[in-house]
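Line by line, the protein sequences are chains A and B. By our numbering, the letter at position 378 of the first sequence is numbered 378, and the numbering carries on one by one without gaps. When you read off a place in the second sequence, starting at 1, and then add 380, the result is the number in our numbering.
Misleading hints may appear alongside valid ones.
Some but not every residue of chain B turned toward chain A, in silico, with C-beta under 10 Å [stated by the list, open to error]:
no., residue
1, Ala404
2, Ala407
3, Thr434
4, Lys437
5, Lys506
6, Lys522
7, Glu523
8, Leu529
Derived coverage of chain A by chain B (criterion: at least 3 residues anywhere in the stretch with Cβ under 8 Å from a Cβ of chain B; other residues may be distant) [what the hints assert, rightly or not]:
no., stretch
9, 28-34
10, 68-80
11, 236-250
12, 289-296
13, 372-379
Not the full set, but computed from the structure, chain B residues with beta-carbon under 7 Å of chain A [unchecked claim]:
no., residue
14, Ala503
15, Gly525
16, Thr536
17, Gly585
Hints were generated in silico from the structure; no laboratory data involved. These numbers were taken from a predicted model, which means no experiment stands behind them. For every residue, glycine included, the Cβ atom is placed at its ideal position computed from N, Cα and C.
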Amino acid sequence: MGFQRKAWLISLAAAWVLSGCGGGGADTEPLAPVKTIKVVGDSLADSGTFGLKFTVQGAAPTGAGSTPIWPERIASSYGTTLCPRYVFTGSAFNNAAGCTNYAIGGGRINNFTAPSSPVSITKQLTDAGAEGFAAGDLLLVDGGGNDAADLVGAYLSASRDGGASYSAFLKTLLPAATVDAALAGGATGMAQVAGAYMVALADKFHGSIESNALNKGAMRVAVLNMPGIDKTPRLQQLLGGISATAGAAASAQVQGLVKAWVEAFNAQLSKRFAGNEKVVVVDFYTSLNDQVAQPAQFGLTNAKSTACPITGMGTDGLPTYTFATCTAAALSAAVPPAGATGGADWWKTYAFSDGFHPTPYGHQLLSQLVSRSLAQAGWL
Amino acid sequence: MKTNQYIAWLAGTTLLAAAGPAQAQSAGSWMVRAGATQISPQVSSGDLTAPSFTGTKVDVLSDTQLSGGITYMVTNHWAVDVPLALPFKHDTVGAGAIAGVGKIAEVKALPITVFAQYRFFEADAKVRPYVGLGLTYAKFFKERGTAALTGLTGGTPANPTLLSAQSRFGITPQIGVNIALNERWFLDLAYYKTFVKTRNTLSTGQHIDVKLNPNTLTFGVGYRF
């Protein structure tokens, strides 16, 4: 027994000494057995339908060497890649079978001008749903930013055409009688009916995701809520214009309305998916607000200006940008704007590339946000 | 050693305990023990430095391992005690802004402590409570991040986020009791708290300061030579 006791003690001591050896590392295997990433949405999630990405271009506009956008970063977490399902030919969208990123720049939940075009996110969902979902699929959904911009544009146009186009726009989702009654209520009715439109838009979005994804076997769906588009440079430019012509109070009022409308959409979206274990709603809204309010916390040096240079002026009087020429190399070669830091890397800590889209780093931040939601669902 | 024999020892010594003569933990005695130890960090986390979600915190979960220790009686009352244990493996989980993300890392820990103990009552007392004060070197090693940590910090599987935990010294007050089972065998129970901080640094550049301040509960069956 004495020998055994000693042997036990010696082995304990040996284990104690040996345990100091060896290194660390990383487990890169996600918790959920996700094999395929499917994506529907708008420009934020477009892998290159139009031959480029809606951000600063990398060494290549699409494919290898191109800027990884947030759904591609998520795909890489699961050891897979994405390619655009629809390829724009100049006049039509060709179907690239085998590719699973259905998102298209300009994508809208309510694409009322062309409901059967794949620019409609509900059409993208229908196409994805037609192929069904496997247990190993993770569906990433973004949308609503362009819808919100449409709503703001229609609302602001009311002063020019007596509300005709605003009314027609609202009636694409709301019953005509509801719209007419609201618009008869003057300024208050005009503002409130936009909130009702946003609730109906969230219902439409939810309904499409439910019938085309959840009811077709999707087990894991992550839906981005609507970002506060009032924080984007484009809306800030628009609000600046209102401020210059109608005063700061009018501008602040419009910004308050836009904020309330976006929040109405997000509240309804959360409500419709509440308690559904197959769906996580990613709070893009709060995240973008946080980035703009505390840029340094997120490693940003500028969350107001655009990294890409202005290349023209739109018919709406707002600046336009050209992603094809806004490349990483061109920005690094350009003279940094006054106040920018980081030398040739100055643009890498900007939040926005153009007036409406994130920089590559903005996409990384968005992927980190989505990763948080996926991990909270137990999928990463 | 053979488990069934060990159990036989335990059973035998427990039976003998009532009748056996008291021990004599007098100056010059050596004692060894074996048992188990649980370490439960009582974490007070700082915030992960930028860039990060505002208020990113962590929590560290408890672990239990086989343990033992060696005690040398310097006088009839003063002892030097060195606990030994297999390395502990603590899971680190998200808290604060990343609450609910689950495990983001695991870290192996080997707390190396030398206690000075004062044992009450006479050397041959059946029950000897004691108090101790130790100097602890908390050695952390084999840190491993998870896929969730990599995703949360913008890494990729090809470029995963790595973690390193700084090993630190801490102070460890202790209370315990030694119960004689017979002339040679005894039970040892102790609770101690280690006041120790660490800094975890990520390969993405951020760091987070964490007060671990673990509670430790340990028991062992020992033998006096």
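*Any of the earlier hints contradicted here, and which numbers?*
The structure breaks hints 1, 2, 4, 5, 11, 14, 17; every other hint is satisfied.
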